[in-house]
Structure formats: C-alpha cells, structure tokens
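For reference, the chains in residue letters:
There are 2 protein chains.
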Amino acid sequence: MQYDFLIAGAGITGLTVARLLAEAGKKVLVVDRRSHIGGNCHDEYDAHGILIHRYGPHIFHTNHQAVWEFLSRFTDWRHYQHRVKAYVDSRLVPMPVNVDTLNRLYGLSLTAETMAAYLESVREKLEAVRDSRDAVLARFGADIYEKFFKNYTLKQWGIAAEDLHPSVCERIPIRLNRDDRYFTDRFQGMPLHGYHRLFERLAAHPGIHLLLQAEYREVARQVKHQGLVYTGPIDEYFDHRHGRLGYRSLRFDFRNHRRESFQEEAVINFPNDYAFTRITEYKKMTGQQADSTTVSYEYPCPEGEPYYPIPTADNQELYARYAEEAKKEKKVFFAGRLGAYRYLNMDAACLEAMALAERLLAS
Amino acid sequence: MQYDFLIAGAGITGLTVARLLAEAGKKVLVVDRRSHIGGNCHDEYDAHGILIHRYGPHIFHTNHQAVWEFLSRFTDWRHYQHRVKAYVDSRLVPMPVNVDTLNRLYGLSLTAETMAAYLESVREKLEAVRDSRDAVLARFGADIYEKFFKNYTLKQWGIAAEDLHPSVCERIPIRLNRDDRYFTDRFQGMPLHGYHRLFERLAAHPGIHLLLQAEYREVARQVKHQGLVYTGPIDEYFDHRHGRLGYRSLRFDFRNHRRESFQEEAVINFPNDYAFTRITEYKKMTGQQADSTTVSYEYPCPEGEPYYPIPTADNQELYARYAEEAKKEKKVFFAGRLGAYRYLNMDAACLEAMALAERLLAS
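Protein sequence lines correspond, in order, to chains H and X. If you read the first sequence in numbering that gives the first Met the number 0, its first letter stands for residue 0, the second for the next number, and so on. If you read the second sequence in numbering that gives the first Met the number 0, its first letter stands for residue 0, the second for the next number, and so on.
If we strip away everything but chain H, and leave its shape as in the complex, we get (with noise of 0.2 Å):
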C-alpha cells in the first residue's frame, strides 16, 4: 500500500497531524494497537450505561486560543471547570493549596493579603534546595509538605520527594487566593458528546485510512510512505537499546454505586489515606444525568500502559541517548507525550501536532 504519511498511534497527537496532513491533501495511514481511536483519552459507557475514561479522568484546559478553535471545529463543549478536593485530616479541603485551604485546615482566617506572610513564617530557609522535598519545604514548611506532598509523591511515582528533581514538586501550585478551580486556563470543557466523537469526528476525513488493532511494524515495511509520524514510547521504537525508559502506570479500579451521587467533586485526592491517589465520579465532569454514579479508585503502579515519563536524571539521561538517535532518523518525527518522554496536556500534545504537520507540510 501507498500512502504520504504513516502514523503510528492514534491519540491526539496522531489524529492530529493526521488530520492537518489529509486536509493539506495527504494521503495518511493511522495505525494504532488498540481496537479504538484516541489513545488514552478515549472514553466509553460502561456496563451500568455511564460515560467514564478508560484511562483516567481527562478535563481539557487550554491558553492556546488556536488548540481551542481547532477542536471545537470537531465538538461542542460543556463549560465545566474542574475543582479537585484532598482529603486531609478528615477534610475536605480545596486543591491546590489556597487561602481556604489553609483557614480550614489550621482554624486560621487568613487573606489573600497576608497568606504570603503565613507562608514567609512557616516555610524552612534552607542554604540549598536538593530535591523536590525541599523544593515544598523552602516554600510552605514542613507541616503542608507533610499534609499534601510527603506521601502522595511517594504513591504517585513510589519513590520518596527526597530523591525526585526540585523541579517535580515544584511545578505543583498554590494560590495566593481564593480561587478553588484546578485549572485556571481561559479556555476550559468537556466535549459536549464526549471524546470519544471528538476523536470520530477529527478522523473523518477522506484522506485518512485508520488500520486498528496493528503494530506500526508489521505494516511499516510493507506500506509505502515518505515519512513516519511516531508517537509511542521512543525506547520501544529503538527497540530498547539502550535499556528502558521508566514509565509510571496507573490501574483504574471502576466502581458503580446505586445513587445519584457519590463524592461533592468530580475528583477527590487522598494524599494520605488508603493506597489510591484519588477518586473520580466521571458524572460530575460530564454533566450526565442518571440513577447511578461510576466512579474510579486510582492506583499508581509501576506495571502497565505507559502513563507518565518518570521524572528523575537517569531517565533523563537515558532518554537524551534516545533523543540523539532520534535526531539521525530523517524520515521518522518523534511525537505526542510518549514519542517525545514528556508530560503533555492534552492541549499541549495538540499544539506541538498542528506545530509538527506545519512543519511536516512546509518540508
């Protein structure tokens, strides 16, 4: 067969560029090893007929007025914005970290105007910050880090703030204020029917064939095509050469309950207790109205799909090894969060697509 493009993987990043690529009158091939499209934000009803995320609760946020024109050319959006609470000492209390959070936490009655304050006097003045332990402590002492960050970093990546980058729980916020939502993104939403049509809706073009349930393999040599669009684990497409890049997984334990609601937010987190990170009531993103409520126990695990890149030097390194090799591959293009071993949000993975199939079409 014989196509422009080849991409494998058929999450944001592959639709994409997919779609940019078929618009601009390519020919693309869309090959991804599961059975459905749109990668890990695929979501599904489920047994008891609630709409929940397969792989985890995706809240979509953006300041990239482009990303958010772009998709909404494949959806309408509910105008959710997204609030998450910890539980803490038997609270609940807003996330991030904000004036309310303290008040409650502590029986305080601070301010926007003299949070800074209380934080000046509780924070260790450390000579230097090490490690993500100390990035919390130079910045709200050691009390919070014990509430919010000790033990969740150790269950989101099983292993201890001590030995993760500052930079880790550093990019963690906190607000000056009182300002309870996750995001504070201009554009914020849930696809109004879903992303799972968002995904339909993007790959529905004449130029797209969509090849499911096959490796990008058992077809790259037999499929001709002038370039290849990889966005799966880059160590994987090297065949592990030189060893494995750490992935944190995580295992979704799906529950539905016989009420009409379950928790006051969509999401919970439990820094402290039990041995899941958090729980997420997928109705309460999605606007959908029934007798029932599913929700999902979330546990970090170092086994499975490949969620996040693990953030620590070794894996920085090694992955340098693989970005090096990467740069000799001239018709091959690293991509989308696990091609390029970063973090990306949704939007993000989106904006470095349209930004690749710009490039892609320009060359």
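Derived from the structure by calculation, the hints contain no laboratory data.
Any copy, or any two copies together, can satisfy a pair, since identical chains are not distinguished.
Derived lysine-lysine pairs resembling DSS-like cross-links, with alpha carbons at most 30 Å apart:
(1) Lys326 with Lys223
(2) Lys84 with Lys146
(3) Lys26 with Lys223
(4) Lys330 with Lys26
(5) Lys25 with Lys327
(6) Lys223 with Lys330
(7) Lys25 with Lys329
(8) Lys330 with Lys25
(9) Lys223 with Lys25
The structure displayed is predicted, hence computed values, not measured ones.
Take the given structure of chain H and dock chain X to it, following the hints.
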C-alpha cells in the same frame, strides 16, 4: 502488505469469517468504509446517553444452537423477548396477527380453536394467487388485508402489494394462538452490554487487523491475499455493469423525550397512519434505566444506505446475472445480505459466515 484473507465489510458476516479464520492461524485484514465495525448492527449512546441502534432495531433471535453458542463466547445476553403492537383503527393490537388481535379489533371472542374457522369464513376463495395482495386475501380476506398489509407494504417497499411476488406477503406469519412474541425462536436476546461490545470482542484477535474509513478497492490491489470475502453489494463489486440492483433504504428520525417511557412496547407499527412504518423505543429492548428515552421514527426510502433487496422479478433476474459472474471469480467469495442479495437475519448471516469460514479453511 500481506494477508491470507482480505475481507470487505466489518459487519456480522465479515467479522465472523475473520474470527474463525484468525483462530485457525490465518492473518486477516478486514476493511470497512465506515468508521466503526458491526455494520448495520452497530449501536451507540446518543447525545442524551441513551443506547440506540443507529441503523434501526436489531433483536437477536435464532434456532441455531451453534450460532447462539458462537456469539455467546463474546457476550452475555439480556433474555429479552420482542413484542410488537400495531396501531390499527385507533387500537394497539398484537403483531403478528393472533387470536387477541382479531378479538380486539372486531369485538370477537375467538379462541385458538375457533380462529382457523373464522379465517376460513372471511378469506377470499381465489382461483389463482398472482401477487402479494392475492396471497393475503386468500389467507385472511379483504378487511385484514386493508388494515394490516395494503398500506404497510406500500410504505415499506414503495410498491403496491399487487406488484409484489406472492412470497413477500406470504412470509408474514399469523398466529393461531395467543403467543404475542414477535419471534418464536428458541434463543432470543439482546447482547447484555450492547452490539458494539459484542463486535469489539468478536474482532479482538491478534490475527485480525481492522482498516476503517477505507474502500476495500483502494487497498485490494496493493494488499497481497489468497482470497477476498466480499460482503458489500454484489452489483457494486462488478461496477454495476448489468445495471443497479434495487435496494430499499431507511431513514431514521431519532427523538429524545424527557420522560421515562414513551410507548408500551419496544416497537409500534403504523400500517396506515403517518408516513413512518414504526416507532422503536430502544430502552424497552436494552433494559436501560434513564429519565429520558430515545425513539426512532422509521421512514423507508428509495435512496441511501442499502438495507433490503427489493423483492421483484426484475431484481431477481438482474441478480442472477451478477451471480453468474460471481461464480467465475475463483478467489472472491460473496457473502452476507448485500453480497448474496438476500434478506438475512443476523443469525442466518452468522451461520452462513461460519460455513464459509469452514469451506475456506478446508480448501
């Protein structure tokens, strides 16, 4: 690319053949022009979260234990038995016509024992049965013909009963008892988690690749294969070289109603009133619980996706010419409703596909 078999069409015929070939160690590529598998059996959740059948109601029923057992490998069943009522003279009466139908319509007190004698008293004693109208008159008389058959036939086929072969209306059953089920097969049910799940599991085999949104023609020349199973319209395969076979199509108008139940049965037929032939309420078949309900109004029409071979002599003659050509194609196997230009229930399609797979593996 190279496969043992290429299969055009991912409906129940194509996927059944594919599965059995793959289980015997063959590599199979299934190509479908649609973005989903399952053909016209495909179901999906609509914008209101109600599971609907995009191509109209499909109720599984069979007397073939082998078919039931084969499909039961891929789904559990909801033990649903289908009932239909017809709206006639402002009353809802059982379909097919049974003892209660006549009693309700005519204010009679027939029993299973006296119904045959009643029909004998009203039927027309014709010398010859030349068409479908004659066929009904000869069995049930003019009034039942007028109430149930005349206008429904015209709506369904766009052809008057006088112009249809007697067999078309002869096929329609009548019950000399009080059994008001639409089907009397030994095995009846709905896939417990829907047709899409069933087909997803049927197709989930490492020997099966699924190529969606693609015309089999675009790839047939470029994919090496030892045999092609073609389940599309047989006249299309031959570029309509002898002319176009007639297919009756359907248009569905889906409406969501904000109430729990819309009508008393899953399907209500309208032989005389309105332009649609029937209203289907999907929740009544699937058992889904929800505050709202979605129904489809079904309009037979001449243009659109091919649903039913039109049972006229002209079409049968034309089909015979294509069937002659088909015989000459030694490596192409025509199968399914469109490939064989015959109305096939799901179970018949599955049974024939099982037999075809066996023949292909034996040769």
